[in-house]
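**Student:** Using the sequences and the hints given, assemble the complete structure.
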Amino acid sequence: MSDITLNPGSEEANKALFFRRWLRNPLQMGSIIPSSRTLCRKIAAAVRREPDEHVLELGAGTGVISRALLEHGVPASRLTVVEIVPEMAGYLRDSLPGVNVVQGDAFDLRAALPPAMHGRIGTAICGIPLVLLPLERQQAFVDAVEAVAPGKGFLLYTYCATSPLPYRKLGLDATRVAFTPLNFPPASVWRYTPRPA
Numbered sequence: 001m002s003d004i005t006l007n008p009g010s011e012e013a014n015k016a017l018f019f020r021r022w023l024r025n026p027l028q029m030g031s032i033i034p035s036s037r038t039l040c041r042k043i044a045a046a047v048r049r050e051p052d053e054h055v056l057e058l059g060a061g062t063g064v065i066s067r068a069l070l071e072h073g074v075p076a077s078r079l080t081v082v083e084i085v086p087e088m089a090g091y092l093r094d095s096l097p098g099v100n101v102v103q104g105d106a107f108d109l110r111a112a113l114p115p116a117m118h119g120r121i122g123t124a125i126c127g128i129p130l131v132l133l134p135l136e137r138q139q140a141f142v143d144a145v146e147a148v149a150p151g152k153g154f155l156l157y158t159y160c161a162t163s164p165l166p167y168r169k170l171g172l173d174a175t176r177v178a179f180t181p182l183n184f185p186p187a188s189v190w191r192y193t194p195r196p197a
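Taking the working numbering, the leading residue of the sequence shown gets 1, the next gets one more, and so forth.
Hint data in this document are derived by calculation from the structure and do not stem from the laboratory.
Treat the hints with care, since some could be wrong.
[Said to hold, decoys possible] Taking CB as the label site, the calculated pair distances span:
| hint | residue 1 | residue 2 | range |
| --- | --- | --- | --- |
| 1 | P75 | D108 | 22 to 30 Å |
| 2 | P115 | F184 | 12 to 20 Å |
| 3 | V131 | A45 | 21 to 29 Å |
| 4 | L132 | S36 | 29 to 37 Å |
| 5 | P166 | P114 | 16 to 24 Å |
| 6 | R48 | P97 | 24 to 32 Å |
None of the values given here were measured: they were computed from a predicted structure.
All C-beta atoms, glycine included, are put in the ideal place defined by N, C-alpha and C.
**Tutor:** Set out below in structure tokens:
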């Protein structure tokens with residue numbers, strides 16, 4: 001069956017697009033399949049946001065976590081997703097009506113996001129496999145989030161049993177806020193926050 005006939009946002013369309021992207025660039029994707037509903041719900045439950053603040057999802061993929069955030073009560077107008085891959089950004093625009101989809105670089109959020117959003121982010125969520133990157137790139141990501149969400153840090157979901165980031169070297173504190181053995185593979189959600197000076 002061609003994916004052209006699949007409904008945007010359907011589980012089949014999500015898996016087909018996700019797998020095609022994984023085949024093209026395995027290192028850009030954190031997994032071979034989208035995150036489970038259980039993991040998505042745990043991420044959504046860990047979100048902190050004041051009514052006037054936005055939730056920022058970085059590396060949104062096919063939007064399975066985005067949909068969980070919407071179901072958990074984040075208004076579409078307060079959800080911004082950043083996706084660097086043009087095909088996936090277009091898919092997200094089609095399947096997530098009302099959500100602000102930005103095709104841009106999560107390592108340059110100051111340029112990717114409108115200035116009015118800077119300092120108005122309650123929670124940033126990272127779906128990028130940072131564990132695969134060298135320390136300098138991890139630091140660049142931390143700095144990019146800090147530039148638009150000062151003092152807030154970010155949530156990172158990962159398939160590592162321990163912290164995937166050398167958080168002390170990055171000037172962060174780390175807390176594992178959720179674990180689900182029901183995801184394939186089992187996954188954790190970590191909250192990283194800037195360490196007080």
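**Student:** Indicate whether the distance between the beta carbons of P166 and P114 respects the range 16 to 24 Å.
**Tutor:** At 32 Å between Cβs, range violated.
**Student:** Verify the CB-CB distance for L132 and S36 against the hinted window 29 to 37 Å.
**Tutor:** Roughly 21 Å apart at Cβ, these two residues miss the hinted range, so it is violated.
**Student:** Taking the beta carbons of P115 and F184, is their distance inside 12 to 20 Å?
**Tutor:** violated (40 Å)
**Student:** Should the hint that P75 and D108 are 22 to 30 Å apart at their CB atoms be regarded as holding?
**Tutor:** holds (26 Å)
**Student:** Between the beta carbons of V131 and A45, is the distance compatible with 21 to 29 Å?
**Tutor:** Given a distance of about 23 Å, which is inside 21 to 29 Å, the answer is holds.
**Student:** Can the suggested window of 24 to 32 Å be confirmed for the beta-carbon pair R48 and P97?
**Tutor:** holds (25 Å)
Hints 2, 4 and 5 from the earlier list are contradicted by this structure; the remaining hints agree with it.
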